[in-house]
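Colleague: From first to last, the protein sequence lines stand for chains A and B.
Numbers 1 to 153, taken from my numbering, label the letters of the first sequence in order.
Numbers 1 to 415, taken from my numbering, label the letters of the second sequence in order.
Worth flagging that the hints you see were computed from the coordinates, not collected in a lab.
Note that the structure is predicted; figures quoted are calculated from it, not measured.
Ideal Cβ positions, reconstructed from N, Cα and C, are used throughout, including at glycine.
Worth double-checking, as some hints may not be accurate.
[Claimed, not checked] Short, incomplete list of chain B residues facing chain A, as computed with Cβ under 7 Å: (1) S239; (2) G240; (3) H353; (4) D354; (5) A365; (6) H370; (7) P415.
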Amino acid sequence: MISPGGGLADLYREVILDHSRSPRNRGEMAEANRQADGFNPLCGDRLRLFLRVDADDAVREASFVGDGCAISTASASLLTEALRGRSQEEALDLIRRFRAMVSGETEPGDPALGKLAVFAGVRDYPTRVKCATLAWHTLKAALLKTGETARTE
Amino acid sequence: MSPSATPGSAYPVDRIREDFPILREEVRGHRIAYLDNAASSQKPLSVLDAVEDVYHHGYANIHRGVHVLAERATAHYERSRRRMAAFIGSGSADEVIFVRGTTEGLNLAASCLGRHVLREGDEVLLTEMEHHSNIVPWQMVAGPVGARVLAAPVTDAGELDLDAFAALLSDRTRIVSVVHISNALGTVNPVRKIVRMAKERGAYVVVDGAQAAPHHPIRVRELGCDFYALSGHKMYGPSGIGVLWGRRELLEAIPPWQGGGEMIERVRFDRTTYAPPPAKFEAGTPNIAGPVGLAAAADYLEGVGLEAVAAHERTVREYAEERLGDVPGLRILGAADEKAAVVSFVLEDAHPHDLGTVLDHAGVAVRTGHHCAQPLMDRFQVPATVRASFGLYNTTAEVDRLVAGIEAALEIFRP
């Protein structure tokens, strides 16, 4: 009754399913020097993001804890991988590009997003955009040290 | 129970479905299977026609004009009030206040009754299974006067723990406010018993009837409560209209709600006097066509027969619980003895949001999330559930589509 092809397969790409089943960098980080909480009031999902930023302002390591849907878990997992070695400015730029892609403001295919392009299918699911952006809202709060829980709405 | 109320072939579900034009909609190539009735229900043609008829033939502002359209509109509006009084078993139409919905009804009750009775040290007793709209208004009114809001716990089966409820009742309890049927679990609360217990302590009782109205005959006088709130849109009526029923003597005693036109008797700068209820609580131009649609919905429901509806929904719900119970890793929340039209569940291998998206692809509409009942989600230690909620037009075939959709989702998400 449900064809595996078409829209659903565009949303749940194999990379996303893989990262949701086996998230990378999941766990608390004792040596983190930045940290922020994210909350999606729509579904109740919570996320805590840990960063280790070194003296020259580059992210050395990132990790997260929290349970969420496949989209939000995979998004957090791929975020922690994509972040490694990026400067604060580069990370903020990545946030902007990611949000623009999943909300459909830009056409898919932004080369700067690399592997994160697997989330392009989210743009066709307006109710799921917040799932994809939860980790990125949280990252912004951690980088800018707002000290407040990042909310998707 | 009358023979016509027995589940089975006697219930004319196919004919009923034809009354709801939206059920012919196709979603992604599938006929819609609408299983989100606890959020809002669809409307039969008779309701749509009744609302349209007001605007075509009898619309003007009510109560004030002397021209014929104003007279017609006023007559429709007040006839609808009498119709709703009969629908909920109130002796008097003057006890029926038209509001936007249950949320506004509960806010009105909390604000006006709360200002009337709550003092420092008093308590308002709720339950853990309340919708946010029966929690937050009480916090808003209790906080500033130094009164406390307490919640009686829910058992693992999703029932109100009546012993714990009794233990929380005290002479400090001035108001008890409970949900008739839980939107998140489907639990039917023993409201009559709750009222009796509360009244022994001299507490007022407010009932959130949003989920009860479409599934249960409501008899406010027999329940013995002081306020009862319901929403039109959940009982096949329009959105933006609902009823707050209040006991006459209490409506006279409590302060008014919003100030404005229609709710006054005489306005002077040094002193204003108020109109008697229900006008006292209906400031400003109300939703004029809404009550007419709501009355048509009451006609529709009673035309099918609420006993027959309840029996049919029980058949569908029990079939759903049986089929869902066979899905590996699926856990149903809420196993109350008395339950209505809701099956809430979680899956080990798929998050509610992901399941909701896959089901949508199969044309099956369910609700995923916390159902505006975060304390209840905390109680069961889940962030969210998937909720299938049934109405008078749902079928066991739609339940089969729900189960097939879940199986398809598990194919995708199972590790």
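Colleague: Is the interface hint for D354 of chain B satisfied, with its Cβ closer than 7 Å to some Cβ of chain A?
Modeller: holds, 5 Å
Colleague: Is the shortest C-beta separation between A365 of chain B and chain A less than 7 Å?
Modeller: With a minimum Cβ separation of about 12 Å from chain A (threshold 7 Å), the hint on A365 of chain B is violated.
Colleague: Does the CB of P415 of chain B sit less than 7 Å away from some CB of chain A?
Modeller: Since chain A brings a Cβ to about 5 Å from P415 of chain B, closer than 7 Å, the hint holds.
Colleague: Would you check whether H370 of chain B satisfies its interface hint, that is, whether its CB is within less than 7 Å of any CB in chain A?
Modeller: Holds - the Cβ of H370 of chain B comes within 7 Å of chain A, reaching about 5 Å at its closest.
Colleague: Given S239 of chain B as an interface hint, is its Cβ closer than 7 Å to any Cβ of chain A?
Modeller: Given a least distance of 20 Å, the restraint on S239 of chain B is violated.
Colleague: Given a cut of 7 Å on the nearest C-beta pair, is the interface hint for H353 of chain B held or broken against chain A?
Modeller: holds, 4 Å
Colleague: Checking hints one by one. Is G240 of chain B an interface residue toward chain A, by the C-beta closer than 7 Å rule?
Modeller: This hint is violated: G240 of chain B lies away from chain A, its Cβ roughly 23 Å from the closest one there, beyond 7 Å.
Hint compliance for this structure: hints 1, 2 and 5 are broken, all remaining hints hold.
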